[in-house]
Each structure stands twice: as C-alpha cells, then as structure tokens.
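Protein chains: 2
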Amino acid sequence: MGKSLHSSPARSRRPIGVFDSGLGGLTVVREIRRLLPAEDIVYFGDIARQPYGIKSNEQILRYSIENVLFLLKKKVKAVVIACNSSSSAAFDFLRRNFNLPVVDVIEPAAQCALRMSRSKRIGVIATTSTVASHAYVKILKRESPSARVFQTACPLFVPLVEEGWREKKITEAIVRHYLSPMKKNRLETLILGCTHYPLIKNAICRVLGRSVRVIDSAKPTAEKLASLLLEKGLLYAAERRGRLKIYVSDLSRNFVKVGERFLGEKLRDLEIVRLK
Amino acid sequence: MGKSLHSSPARSRRPIGVFDSGLGGLTVVREIRRLLPAEDIVYFGDIARQPYGIKSNEQILRYSIENVLFLLKKKVKAVVIACNSSSSAAFDFLRRNFNLPVVDVIEPAAQCALRMSRSKRIGVIATTSTVASHAYVKILKRESPSARVFQTACPLFVPLVEEGWREKKITEAIVRHYLSPMKKNRLETLILGCTHYPLIKNAICRVLGRSVRVIDSAKPTAEKLASLLLEKGLLYAAERRGRLKIYVSDLSRNFVKVGERFLGEKLRDLEIVRLK
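Sequences listed follow chains A and B, in order. FYI, the working numbering numbers position 139 of the first sequence as 299, with every residue one higher than the one before it. FYI, the working numbering numbers position 97 of the second sequence as 257, with every residue one higher than the one before it.
Derived from the structure by calculation, the hints contain no laboratory data. It is possible that some hints are incorrect.
You can't tell identical chains apart in this list, so a pair holds if it fits in one copy or across any two.
To be verified - Lysine-lysine pairs mimicking DSBU-like chemistry, simulated, CA-CA at most 30 Å apart:
no., residue 1, residue 2
1, 379, 392
2, 344, 417
3, 298, 417
4, 417, 343
5, 361, 329
6, 280, 417
7, 328, 344
8, 344, 301
Make the full structure from the sequences, and use the hints.
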C-alpha cells in the first residue's frame with residue numbers, strides 16, 4: 161500500500177520547497193531546474209531578515225523553522241536548505257523534527273569534495289557564522305578522519321556579489337586578501353561554503369591557480385535531492401518545464417537584478433509575504 | 161504646574177533612548193556622552209534584523225516602531241533615531257505619533273551642512289535605501305532651495321567598517337571607486353549619511369582632498385538633542401558620569417570589538433533581548 165501511495169502522481173507532483181536567507185539560494189534552484197526540469201519549485205527568500213551569516217545559531221534556527229513552516233503551507237514534498245548558515249544551525253533539527261525529506265547544502269558539498277580529492281587537503285571559505293560553526297570541518301572529519309581542513313571566513317564576499325562587482329580589480333584584490341594566506345596550505349580542493357560565492361568563482365580560481373579544484377554546493381545538492389526523491393518515490397519526471405514560484409519576506413532595492421544573476425533566468429512569478 | 165513638573169528631577173533623570181539597526185549608532189552615543197555626560201542612556205541595537213539599509217520603507221518603519229516601544233518600556237524621556245535608514249523611513253511617523261521628543265540624524269546633519277557651506281554644493285553618501293528615499297535632498301532643498309545636492313550610495317562601506325578594514329589599501333580603492341565621480345561636482349561639503357561612515361573618514365578625506373568639509377551626524381544630532389531637552393525642561397546636568405545600558409536583539413560574532421570601535425569606550429552593561 162505504501163508503495164502505490166508513494167508512486168501516486170497526486171503525491172509526487174507536489175512542489176519542492178527551497179529556502180534561503182536571501183537570493184543566493186537561487187544558485188541552487190538553478191541546478192535543481194537543470195537536473196529536474198519537470199519539478200515545480202516554491203522558493204522562499206527571507207530578505208526581511210537577511211543576512212543570516214552574522215547572527216547567532218539560536219536566531220538562525222528560529223528563522224529556519226519559520227521558513228519551513230511557511231513552505232509546508234505550500235504543500236511541499238521536500239525541503240532544501242539553500243543557505244549555509246541555516247544548514248549549519250538548523251539541518252539536524254529540521255531533519256529530526258519534520259516528517260519530510262530535508263536536504264542541506266553542506267553535506268553534499270563536503271561529500272563531493274572528498275570524492276574529488278586524493279590528498280584530502282580541503283579548503284573551506286564561508287561566512288563568519290558558517291566558519292564558526294565548524295560544520296564543514298565536522299562532516300569532513302567524520303567521513304574521512306585523515307582529511308586536513310583549512311577554513312577562512314570571507315565576510316566581504318556577500319556584499320561584493322550583491323553589489324554586482326564580479327570582475328573588477330577591487331574584487332580580485334579582496335579575493336586575494338582573503339585567499340592568499342591559504343596558498344601555503346597546498347589545497348587540492350576548495351569548497352565555496354556560501355551560495356553567493358559561485359558568482360565570483362572566476363576571481364577565486366584566478367587567485368588560487370588551476371591546481372585547486374573549486375566546488376560549489378549547488379550541483380551536489382541538486383543531485384542529493386534527486387536521489388532522495390527517487391528513493392522516497394517522490395520524484396516527478398515528465399516532458400514539461402516546472403513552475404518556479406518565488407516568495408520573499410521583503411523586496412530589496414535591486415532584487416530583480418541580483419536574483420536573475422543568481423538564477424540565470426528571468427524572475428517571473430514573485431510575491432511578497434510577511435511572516436509572523 | 162506644567163513648569164514645575166518639567167523641571168522636577170524625577171522626570172528629567174529618566175534616560176535618553178537611542179536605537180539603531182546595529183552598532184553604528186554608538187558613534188552618536190559617543191557624542192551624546194561627550195556633550196551630556198550626566199545623562200543615562202539606554203541603547204537598543206536591532207542586530208537580529210540588521211541591516212536596515214537594504215530593506216523596504218514599510219519594513220523599516222515597522223521595525224522602528226517596535227524599537228521605540230521597547231525603549232518606552234525603559235521609561236526614556238526622549239528618543240534618538242541613530243540610524244539614517246530609520247530616520248528616512250520613520251522620523252515623521254514617530255515624531256507625529258509618540259508623545260515625547262524624537263531626534264533623527266538626518267535633519268541635524270543637513271542643517272549643519274547648510275551652515276558650513278557657502279556655495280551650497282553639498283554631497284551626500286549613504287546606504288542604498290537612504291539615497292533612494294531622497295531624505296537628505298528633500299530637507300536640504302526645503303531649507304535652502306538654491307542648494308545643489310549630489311548623492312551616491314556606497315553599499316560596501318558598512319561591511320567594510322564591520323570587517324574593521326579602516327586603513328587598508330583596499331579600503332582606499334573602494335572609497336575611490338565610489339567617490340572619484342563626485343569630484344567633478346566641486347563639492348564644498350560632504351555629509352556622511354550613515355553612522356558607520358565616520359570610521360573611514362580618514363580614507364574619505366584623503367580621496368576627496370582637503371577642500372571638502374566632511375560632516376557626520378553624530379555631533380549635530382547630540383547638539384539637537386541637548387537643545388530639545390533644554391527647551392522641554394528635561395535636561396539633566398550634574399557632576400556624574402551617566403550610565404550606558406546597551407540592549408541588542410542578537411549577538412553578532414564580533415559585537416564587542418565592533419561596538420567598542422564605534423563607541424570609543426568599553427562596552428560594559430550589555431543584555432540580549434528578544435523582540436516579539
């Protein structure tokens with residue numbers, strides 16, 4: 161009975177829920193739409209309370225729970241935490257306490273980095289809160305105790321991306337300032353531990369050189385989601401382009417420009433909601 | 161009767177309330193403590209919901225009202241909006257609807273700039289939301305219709321100050337990027353329209369040259385507050401050092417370091433509160 165229920169179209173056509181503190185999570189949505197084009201997606205960007213990366217774990221957990229409750233009202237079949245700060249502060253709680261598949265961005269990126277790396281010398285760059293949480297270090301060490309992990313917080317990268325300075329000299333100078341000290345660690349792999357960072361990947365690669373493999377969480381997260389949905393009988397595959405509905409808790413001034421940069425397509429279906 | 165009530169010590173010894181989206185407002189507190197050392201001050205920094213500068217006016221207004229309600233519970237005798245984004249979005253509403261003196265940071269800085277400027281060629285640098293609100297332009301034009309006002313948003317200045325990069329080459333490069341185009345305007349005066357900016361005043365002065373007078377709102381705001389308190393019979397002067405109590409709605413990672421940089425003294429009496 162469970163089986164026929166799982167594979168019933170009524171169940172599996174429900175949307176995938178994705179949330180982030182802002183718009184960076186749209187880099188993950190982009191990959192989900194590439195991998196699972198038929199799926200409908202409901203995205204929630206908590207612009208009114210962003211950024212999460214400078215806040216306490218307790219606060220981030222509270223916000224994350226509220227975001228999931230909002231997505232549940234939209235009848236999502238799974239939740240993707242498309243935010244590193246939320247993933248580090250709330251993934252365990254959400255996975256344990258909600259009765260639906262929950263995917264974060266940290267575990268898939270960490271596992272991907274381990275697969276890609278022979279020497280297991282892995283760098284992680286992220287916001288202050290993600291670095292302080294040691295979330296990447298813990299998971300990399302758990303899965304591969306011999307791994308050497310080198311972390312650096314890069315607080316200016318998010319405002320830099322939001323400002324749209326992707327290929328300026330100043331961008332490269334700032335990237336160099338944060339990453340040059342990492343060169344001595346002889347990294348094999350670098351994890352971009354923030355969903356904003358893929359947009360300055362070029363500058364990062366130029367500074368670190370071609371020997372370092374740079375990994376962002378978007379693709380591994382989409383793959384992890386696909387395999388979980390498949391396993392649970394929730395995957396919806398069809399010859400159609402799924403709908404993407406975007407909710408935000410506030411409108412920032414240059415929302416559309418920034419959002420389309422992350423998503424790589426036009427923002428069409430957009431609505432402001434006020435969370436309690 | 162009104163008169164004796166106004167000058168009664170019981171009334172005037174109540175604290176002054178100051179709020180900001182974060183810690184930048186402590187630059188204003190610093191000047192208030194310099195000018196009115198005997199006064200007690202209750203400060204509220206809404207770290208949980210900062211930064212305001214990227215949010216909508218409606219959102220900023222709602223937050224500002226909640227902040228004033230919090231300060232009123234602390235029995236403040238006056239409120240200082242030590243935040244430009246709040247000042248532009250909420251000053252009129254707060255002044256009209258609350259029954260106590262309210263001082264913002266925009267009007268005092270604008271009036272000071274007009275007093276200091278003969279040619280009335282005035283530059284304003286601020287966050288995106290303050291620039292978009294045209295708050296400085298409106299008030300400068302109202303008080304001096306012949307004034308020429310040139311605005312520029314500098315979104316990276318706040319994260320730069322929070323990161324503590326005050327005298328780095330990169331700081332000067334970023335300042336140069338935003339301010340070089342303003343040189344052609346032959347400014348006589350530049351208003352720092354954000355309470356974070358005084359901390360990179362040196363770099364700003366170096367880029368603009370010594371002919372431009374740079375004004376920040378802290379001192380004129382403290383003076384405006386003093387004259388309002390005096391007028392209302394609420395001023396408290398005595399041979400004592402007033403108490404500074406700081407409430408924040410969350411703890412950011414490097415709160416103490418950043419806060420002490422703004423305040424210019426040790427943060428002693430600090431408490432976290434959760435607003436509803």
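For each hint, the structure was consulted:
1. 379 x 392: Within. Shortest intra-copy distance 20 Å satisfies the 30 Å Cα cut-off; inter-copy 63 Å does not.
2. 344 x 417: between (37 Å within a copy, 29 Å between copies)
3. 298 x 417: Between copies, since 28 Å is at most 30 Å while 36 Å is not.
4. 417 x 343: Between copies only: 28 Å across, 34 Å inside.
5. 361 x 329: For residue 361 and residue 329, both the intra-copy (14 Å) and inter-copy (23 Å) Cα distances are at most 30 Å.
6. 280 x 417: neither (38 Å within a copy, 35 Å between copies)
7. 328 x 344: both (25 Å within a copy, 23 Å between copies)
8. 344 x 301: within (21 Å within a copy, 56 Å between copies)
Going through the hint list in order, the structure does not satisfy hint 6, though it satisfies all others.
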